[in-house]
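Starting from the structure of chain A, add chain B where the hints point.
Chains as they are written, first to last, in UniProt numbering: chain A, 1 to 350; chain B, 1 to 173.
One or more hints might be untrue.
[Unchecked claim] If you anchor each label on the Cβ, the simulated ranges turn out as follows:
id : chain 1 : residue 1 : chain 2 : residue 2 : range
1  : B       : 138       : A       : 279       : 55 to 65 Å
2  : B       : 77        : A       : 76        : 35 to 45 Å
3  : A       : 150       : B       : 148       : 33 to 43 Å
4  : A       : 18        : B       : 7         : 46 to 56 Å
5  : A       : 88        : B       : 138       : 53 to 63 Å
6  : A       : 144       : B       : 138       : 44 to 54 Å
[Claimed, not checked] Among chain B residues calculated to face chain A with C-beta under 8 Å, some are:
id : residue
7  : 147
8  : 153
9  : 154
10 : 156
11 : 160
12 : 162
Keep in mind the hints are simulated off the structure, nothing from the lab. Here a beta-carbon is modelled for each residue, glycine too, at the ideal position from N, C-alpha and C.
Below are the chains, spelled out letter by letter.
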Amino acid sequence: MNPYLLIVLLTSLGLGTALTLSSTHWLLAWLGLEVGTLAILPLMAQPHHPRATEAATKYFIVQATAAATLLFAAINNAWLQGHWDIQHMSHPLFTSMITLALLLKLGLAPMHTWMPEVIQGVSLNTGLIVSTWQKIAPFILLLQIKQIHPPLLTIIGLASILIGGWGGLNQTQLRKILAYSSIAHLGWMVLILQHSTALATFALLIYIFMTSATFITLKKCKATTINMLTTTWTKAPTITLVAPLMLLSLGGLPPLSGFAPKWFILQELTQQNFIPHASIAALAALLSLYYYLRLSYSITLSLSPNNLPECLQWRVNYPISTPLSSALPAALALTLFLLPLTPSALTLII
Amino acid sequence: MSYLVCVLLFGLMVGSVGVASNPSPYFAAMGLVMVSGVGCGVLICFGGSFLPLVFFLIYLGGMMVVFAFSAALSAEPYPYGWGNRSVKMYVAAYVLGVGCAWKVLLGKWSGFWGGILDESGELLVLRGDMMGVAAMHDVGGWMLVLGGLGLLLTLFVVLELVRGVSRGGLRTV
Chain A
1 MNPYLLIVLL TSLGLGTALT LSSTHWLLAW LGLEVGTLAI LPLMAQPHHP RATEAATKYF
61 IVQATAAATL LFAAINNAWL QGHWDIQHMS HPLFTSMITL ALLLKLGLAP MHTWMPEVIQ
121 GVSLNTGLIV STWQKIAPFI LLLQIKQIHP PLLTIIGLAS ILIGGWGGLN QTQLRKILAY
181 SSIAHLGWMV LILQHSTALA TFALLIYIFM TSATFITLKK CKATTINMLT TTWTKAPTIT
241 LVAPLMLLSL GGLPPLSGFA PKWFILQELT QQNFIPHASI AALAALLSLY YYLRLSYSIT
301 LSLSPNNLPE CLQWRVNYPI STPLSSALPA ALALTLFLLP LTPSALTLII
Chain B
1 MSYLVCVLLF GLMVGSVGVA SNPSPYFAAM GLVMVSGVGC GVLICFGGSF LPLVFFLIYL
61 GGMMVVFAFS AALSAEPYPY GWGNRSVKMY VAAYVLGVGC AWKVLLGKWS GFWGGILDES
121 GELLVLRGDM MGVAAMHDVG GWMLVLGGLG LLLTLFVVLE LVRGVSRGGL RTV
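Just chain A, with the same shape it has in the complex (with noise of 0.2 Å):
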């Protein structure tokens, strides 16, 4: 791709995200949200293979999809109550459908199918943007509607984590694993959203520096399925003793930074009285730790079965600073050890 045109879509697509952040105004933060996706197509079709084309195609379409559907509420809130204030919906139809659109643009349960789907047509830098940079602007969005038909965003949210963790199950091929461990995070994220947004994107925070953390990794060791992951120990053996570490705090275990957010969640939805909410949510996360674990496993604890000189690598990978490879450390350390700083975390967003 032609370097200019390059600046030209990474910045459209900072822009994109940064429009919807900064309005107040439906049309506004629409411009913003389609500015967002336009910027990304190219990047997406970038590895010139019908792969790409096609996971590019799908994206294009459910992401106009939502938009559409988002323009036309936001249109007839306007005409029916007068106003294009993000803050002040109140119509209970146009806001339950622009909650429906922002959802599907996320990828959440029930308009989840494209997710997987694209993640798995796209190269992994690409995914890491699709799966982290490109869910802000839709989150941020729905963090500001005030909601009015609460079971909605529960059976919504509860319905993501089971199927982010049964959809995953199958898989051997780590984008979809991927795909389906972002469907399963926002699910939690959007569960908790109408009892306290600060947990919320905290949340989203949290997930975002993982999920990075997870790709960059993946990127680094050059694998796509789960049986490349057996030989990782030959590329990068710092990373094969961290990754399990890394894949774990995905799946929320104790000492690791991902274990706060599912605790904090646990914790306010149990004091707002919600205890079967947060017992099938607690449940529910099983799914997605059984595979994390299966990942882990073929990272660190077994060995790929071919002959032993047949696995070294024949000449020495130097390890060549990308920006992406120069981004690992701080994203693992954030991945890892964030839980001790909880505290002061949650203070800076609350």
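For chain B alone, coordinates are given in the frame of chain A:
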């Protein structure tokens, strides 16, 4: 007047069903032409004149011509018309759906007629839609600039995606 609006709305439904029933893009373009033309007629009946004019010129004169051209360029050898079995099924389903909706909603939206574009109900020199356009350029000028930037970005994106013979997403051209 009421009769004219009914005929136009009927045409709107027929056109929409014609597009939504998944015929080949070559034929669906005709449904789109019908929907947009008849839709302009409906807007005129409700008192707007400027908005339908702009819509007609830009949508039909600009976009539909390009769309029809592209559809003709990549025409399939055996296009699906409305006579094909799968398309016919969709047509039947949509007609049934429209019929049911009409049965359910009949009489509920009766206060809906008229006055959409001129909500003031007085006789003014400036029509509502023209005033709206003026207000949009006056108050919402920066929003239009941002929209223009978005369209410029779309141009670059489309050019990159359909780049050329071997590098683009399109195969046949």
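Quick one: which hint numbers does this structure break? Sort them smallest to largest. Structure breaks hints 5, 6 and 12.
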